[in-house]
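Residue numbers (numbering that gives the first Met the number 0), protein chains in the order written: chain A, 0 to 248; chain B, 0 to 248; chain C, 0 to 248; chain D, 0 to 248; chain E, 0 to 248; chain F, 0 to 248; chain G, 0 to 248; chain H, 0 to 248.
Hints are supplied without guarantee of correctness; some may be wrong.
To be verified - Coverage of chain B stretches by chain C, computed from C-beta distances (three or more under 8 Å per stretch; other residues unrestricted):
hint, stretch
1, 106-115
2, 153-166
3, 176-183
4, 202-214
By construction, these hints were calculated from the structure, which means they are not laboratory data. Virtual Cβ for every residue (Gly too), placed ideally from N, Cα, C.
Number of protein chains: 8
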Amino acid sequence: MNRDRLRALLDAVRRGETDTEAALETLARLPFVDTPSARVDTHRSLRQGLPEVVFGPGKTAEQIAEIAAALRRAEQNVLVTRITPEVATEVCAKLPGCEHDPKGRLLWFGPGEVPLQGAGSIAVVSAGTADLPVAAEAAGVAHRFGNKVETLHDVGVAGLHRLLASSELLRSARVIIVVAGMEGALPSVVGGLVDKPVIAVPTSVGYGASFGGVAALLGMLTSCASNVTVVNIDNGFGAAYVATLINRL
Amino acid sequence: MNRDRLRALLDAVRRGETDTEAALETLARLPFVDTPSARVDTHRSLRQGLPEVVFGPGKTAEQIAEIAAALRRAEQNVLVTRITPEVATEVCAKLPGCEHDPKGRLLWFGPGEVPLQGAGSIAVVSAGTADLPVAAEAAGVAHRFGNKVETLHDVGVAGLHRLLASSELLRSARVIIVVAGMEGALPSVVGGLVDKPVIAVPTSVGYGASFGGVAALLGMLTSCASNVTVVNIDNGFGAAYVATLINRL
Amino acid sequence: MNRDRLRALLDAVRRGETDTEAALETLARLPFVDTPSARVDTHRSLRQGLPEVVFGPGKTAEQIAEIAAALRRAEQNVLVTRITPEVATEVCAKLPGCEHDPKGRLLWFGPGEVPLQGAGSIAVVSAGTADLPVAAEAAGVAHRFGNKVETLHDVGVAGLHRLLASSELLRSARVIIVVAGMEGALPSVVGGLVDKPVIAVPTSVGYGASFGGVAALLGMLTSCASNVTVVNIDNGFGAAYVATLINRL
Amino acid sequence: MNRDRLRALLDAVRRGETDTEAALETLARLPFVDTPSARVDTHRSLRQGLPEVVFGPGKTAEQIAEIAAALRRAEQNVLVTRITPEVATEVCAKLPGCEHDPKGRLLWFGPGEVPLQGAGSIAVVSAGTADLPVAAEAAGVAHRFGNKVETLHDVGVAGLHRLLASSELLRSARVIIVVAGMEGALPSVVGGLVDKPVIAVPTSVGYGASFGGVAALLGMLTSCASNVTVVNIDNGFGAAYVATLINRL
Amino acid sequence: MNRDRLRALLDAVRRGETDTEAALETLARLPFVDTPSARVDTHRSLRQGLPEVVFGPGKTAEQIAEIAAALRRAEQNVLVTRITPEVATEVCAKLPGCEHDPKGRLLWFGPGEVPLQGAGSIAVVSAGTADLPVAAEAAGVAHRFGNKVETLHDVGVAGLHRLLASSELLRSARVIIVVAGMEGALPSVVGGLVDKPVIAVPTSVGYGASFGGVAALLGMLTSCASNVTVVNIDNGFGAAYVATLINRL
Amino acid sequence: MNRDRLRALLDAVRRGETDTEAALETLARLPFVDTPSARVDTHRSLRQGLPEVVFGPGKTAEQIAEIAAALRRAEQNVLVTRITPEVATEVCAKLPGCEHDPKGRLLWFGPGEVPLQGAGSIAVVSAGTADLPVAAEAAGVAHRFGNKVETLHDVGVAGLHRLLASSELLRSARVIIVVAGMEGALPSVVGGLVDKPVIAVPTSVGYGASFGGVAALLGMLTSCASNVTVVNIDNGFGAAYVATLINRL
Amino acid sequence: MNRDRLRALLDAVRRGETDTEAALETLARLPFVDTPSARVDTHRSLRQGLPEVVFGPGKTAEQIAEIAAALRRAEQNVLVTRITPEVATEVCAKLPGCEHDPKGRLLWFGPGEVPLQGAGSIAVVSAGTADLPVAAEAAGVAHRFGNKVETLHDVGVAGLHRLLASSELLRSARVIIVVAGMEGALPSVVGGLVDKPVIAVPTSVGYGASFGGVAALLGMLTSCASNVTVVNIDNGFGAAYVATLINRL
Amino acid sequence: MNRDRLRALLDAVRRGETDTEAALETLARLPFVDTPSARVDTHRSLRQGLPEVVFGPGKTAEQIAEIAAALRRAEQNVLVTRITPEVATEVCAKLPGCEHDPKGRLLWFGPGEVPLQGAGSIAVVSAGTADLPVAAEAAGVAHRFGNKVETLHDVGVAGLHRLLASSELLRSARVIIVVAGMEGALPSVVGGLVDKPVIAVPTSVGYGASFGGVAALLGMLTSCASNVTVVNIDNGFGAAYVATLINRL
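Using the sequences and the accompanying hints, generate a full structural model.
And the structure:
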């Protein structure tokens, strides 16, 4: 249920077309959509106009299709994250109207073009080739959340000339997501080039002393640039979520 | 040197009142203020209209006074962080026009009233009594950076009624800083109550398995609320810095 | 051998129907049931009237069936934990009278209805969908141990309205098991709502900085609620065991 | 404000002796006692009949005396934990009626004899001489919370004869607190001897690989005895709190 | 080449039957046996009269057979550790005279009965069923190194009666190997019962906070029994090696 | 009470000179010596003929003097470990007959010359100057426990010529204690030179990535020499204790 | 594009044979070679005369072949690291002129004989058999980078005689790469024998307390030899890269 | 004893002016200088022509003066590291000819001007003001070891313009030492700008998630620049030592 339908219901109550008890019943069930495998809370979506998000790992294609179908019936757009190609293929076979973004490991049920809503653009910057899946997740989510998105890849700090050549792109963004594994130094460098909030996403890319993203995480938390905040390792979705909230301010 | 003085210089060049070489010399030295103990980069301040910030620990009262005096001569406002009462007293004795905020461990050289600049207010929320110094740092910095600041203290998650009673304050803020030690659960709960960016500050408060703030830090990084980003342990300053950037969007 | 059989033996000795030597022999072998793969100590079961518990991982279907058969011959109820569907199917094929709880990963040999013994009920509360297997283990074990069990799922702290709507269920329980992964904040919130012992079970659910349950574990150990104690990561069984002991006081 | 005063207020409302507005005002301020340094939540105490507890570290003698005085005025008993001898002496000089337990690092404002309330006794068992302060905190808190307390010290697992000689004391308790540093093995051994809940308290006692209590903490979390739950390192207070709740069931 | 052959060579030199150059050549190649995959140092075996030991993991059946064959040609006994059943079967098919101990994951090329050499016996004690593979490695290695070995299994510290019932076996041993996972408390308890050196072997048995043997390792390193030393996690071989050296003193 | 006095008591019982009840009373109190601050277990000393050992840290000079005096009255020799010069001076002023070893941080109450009991000598080898206090503790304890002790200092692995020049000393010892901080490589090198048990003692010497002895501890646990076992960081006492047990075999 | 082609272009500009715009276009695209899967920066190769290096893991045979082909077209030599035998076979089938070094897990596209460029030789020394793959990577990379390479294997510190027998080889090298897992002591010992820079490579070889190379890493960082620097765990490539730079000085 | 004196001795032997026995005696004692507190190995100095280095921490002024005096008598130059101003003042009072560098915490006994020996210069680059002591140690040591040293301070990665403005200085150096705390990103950026070996020194500067230098250490070990090797946290001395060896190649 989205805001428009809610408004219609309340208007009907006001005009006496719907009696209080019936409206109450509808409203009481409103924030939850029950599916065989989960009770989905649609409260936030209601308030935000954001699509519902389903975290893919640990769910079968059947469960995902069920949840998505229930949400579609409730007129919600649905975004599935961290989906494997195999599961995506199965889900799309079960539920029509799906769009698969294999680079971002995303599945989308909703309009092909999401209307832009934020005041500016979100830049998604990544350090190395291996950071691309997380960057693609962040970019894909930001795009489906209605943001204008700019991307900049392969601009690791050991090759500054590539990054500096794109500093205009960075400066024109309203908020910047920086994705980096290994030593995670890129957010500090980007943070020093711009005066906008930088959301740093450490990735689990690397081996040995990268300890599955810990080196990058610690590096970002101790960044010498003051405009950097950090999300969990590989959490491209979370970065895009917060960037969207900021972009809508 | 602030924006106004810079504009005047450029106008003088345009009008031919200042020749290119002299202006070049001025501009070349512009981003740095040299003091006996440090070369202070005033570039960012220039771009942002923010005061210069001096990190207090490891500096003597003499060094702090020197740096602040040099910056004052360059017509910059100055904010010193993490200052002890003893050092603060010494610095204020050496350099007039200082204002000391002992709770936030801040020293301020600038106008008593900083004009408000952001579009809304920043809420600073903290969990326990022991988290107050970090919350006060965040609030004090946000205040000196020209934000409207609302504070809410002692609203730990084991006593939800206090927090819920203030949910209006939370909802009316444009960005929320949440300061918590021990298990660091408050950002998740606050994040679930609002649709604004939440900046979580873990504190080193606690003992045993809190490991100097690590428990709170990990809890915040793995928050089940999607609108939470995290800064370093005890980094109230950094949270206020980013919140300011967001509030000015 | 259970308490009733033991009492019968002792009565027989008292009445002179069994001579001392024969009884001694029986009693000497009493606490152990030897199976080809293990010597099972039935001492505790004797004292407690609890079923024997077999930890499934690392044991083949054959070994589990053997142990369970030996215990069944000794008139013990048997509960197997952490069993996979494949092994469960094999064991049930070998040994009749088995009941399989796939959600809780439990196998049960005993009466369909275990008589209730504790003075009140045990509530099992969990935060997210991914915490369900551990919650189901805790609930299933508590049920087979003769407790009345109430469950409450998907009440993560970022959606407080769900949890608060069920606070009556929480308050009516005699002891509460709270299962949560990621930041593990739920026990603190539940602990603040009730005046009963809360047993917190961190789960290995999460990624990145959750470090396989460490974030949740540390969060629970440093809980700001004083009525929380903690068991090992994913240890739903242990939580149910202690809750049973408390419920029987 | 305690339950008796609350009941009197409600009776007055019922009898019409106090009008609704005045009662509302009183009740609205009820759960909080404001002091110059903190807002103390007396809600829990109201529900439980437990004294208010003030965590000593980080508070000056002046602040503690202020808080305690405010609570005393609200007719609450007060227990201060982790107090140093110096601060205790100062507080007692400022506020009469104080009782100091230096071994348990506790300060008590309340009746000399707290009436017993639980159904049985709490045993406090500790491993080595260096664990005594934490054990004394647990025992002292349990005592002031109205429990019968039995103590057993210096029964480390490398000298089993001492522990086994006291197994009767262990078996007769309703709940057992076990305090141990270094390898933290005592809870496992005690847990194997009794069929009651065991609350394990790791201590920061030890050096080198004890890592400030981490070795003991991990040992207790991975205990092979199923009746063991764990609290934070050195948290004698928390163990006594939960034991009290269990003993009152 | 063993001591007897070496003595014969030197005697031949002394008697003039072998000229210096030829003997030199023989001796120079003596401590190494070259195989296609490795250069095996037989120096230690020469000094100790111990069989050569080949660490199995990471080697193919072909490589192991090659190395063992080369050593057999050099008249050395050979013990292969950590061998899987599949590789063992393959090696035995390639090289006759092999004896496979699947519980201890050992392969043996040498006499069926190794003559006893130490002054007393080595006891191998283990805590739980899951510790058996490591205990069997320790016992099997000690046996092949010529020691009398006594074993005692399933004597975890939560069931002291089993351990105490076997204290005579413990006291009669010259050196004791104690194998335990989870909290690793058994060495402390055994160490308190005997006055002999105890070699503790932590195992990677357990889950959650056992961290792959770290909990047991830390517990053993911080043991309150003074007669305990520790080897690496799962290192049953190392424990047996040192126990052999002690038993031969 | 030592073995001789115990034998006399038992003889008196046998001869009827002491009645059973009186002897029972004496024997029941026998393993404990009660002092105002601690109950000392003299059981082990009785069995071993070793002096009682008091761990100094956390005890006042008064407490140490009290315990030592009580033990002296019970005719025990006493060794105090980890004592500071200040406390040592105080204790010696209170209780005559004390001998202070400041390098080993030991205090000794007993005969100047302890009769040698082991079959051979114990070598104590240390890597750097900063490891000397732990080495001196090990050597001092071994000496007071009646062992012949050889010491070899400053033989770090980066200067092999010093170590190799003393290999005869190493080979002639019956058991070798190796004390090293930083990378803790010395036990591996020594272990490769001898065929005797090597007890490795990591020290907390070092900075940065030595993490208070963790680097050395891990290095010793993963030693490529099979004859190495490990004790806790800085535990010179424990190494000497086990070495004594081995030397007495 | 290599230096020679660049010089030709610039000469053509100077002679007026290529106009500025065309040259500008060529130069602007110069440092990057775009392939379907990655933008490869050839800047460094240009400056250094080193081959391009492609990190194999996470790339399909198709991607690797694509990148290599594009670089070959740009007249670069190409070295692929960490390649599995399966992927290597596929790549070689797609792109002719490939040379596969399975021990070093390297693939080479370039001249069979790379001309020597450094002033001396690089010694690659390794401790155990399991360290060989990393050592072979280091040696193979150093060889393809145009260095004279000497190797020395199986010289672990527990068997010093093998290492000392080769000290001449060590002393004659200009820079030494030392590869070791487990306790990682070999760099300290080698560092003590030579006066040249030693680059230490910890390997993930080992089990238990080796923690995937952490023990070796910490040991190398805290080495008591001052001439040791360290690279990441298993980073044979990085060691060879730095050694090459040093050898070319 | 330095090379010149050694050569003279050997010449005297050759000419028969010194008999073999006397020379042998001299040579045998040659690599060690015995002082009351330590045996100093002068072997390396002999080979390298480097001054002797004394690690200051843990040594009294008296001990340092003793050692330095002994070395001075043996005609060695002496460099003391990590010396506090208090100890430095005391040592200089006891032993004339001392030079104190308080920024680098160094004490020097030797010629005011050390002749330059390396082929080029060593650049010492540091990120923040707080990294200066470690950078000064590295620069001071490199200077006393006979290198030309260039320094560049306050060039943290969040302010790239300062660093880029000095890229010429970086490119002209033969080897570069980069000192950085917090996220430790500077070596990656510098490594990308130059084609020379970069030695990274993490510092313990920072708070919270910098964990005493661990964040910087991990960042440097996982650097995306291939020309970076790492030394221990705060080990400015070690970096200068290796840089000297490289500069002398």
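Here is what the structure says about each hint:
Under the rule that three or more residues need a Cβ within less than 8 Å of chain C, the assignment of the stretch 106-115 of chain B is violated, with 0 such residues. Under a criterion of three residues with beta carbons nearer than 8 Å to beta carbons of chain C, the stated coverage of the stretch 153-166 of chain B is upheld, 6 such residues being counted. Under the rule that three or more residues need a Cβ within less than 8 Å of chain C, the assignment of the stretch 176-183 of chain B holds, with 3 such residues. Counting residues of the stretch 202-214 of chain B whose beta carbon lies closer than 8 Å to any beta carbon of chain C gives 7, which meets the minimum of three for the stated coverage.
Checked against the numbered hints listed earlier, the structure breaks hint 1 alone; every other hint is satisfied.
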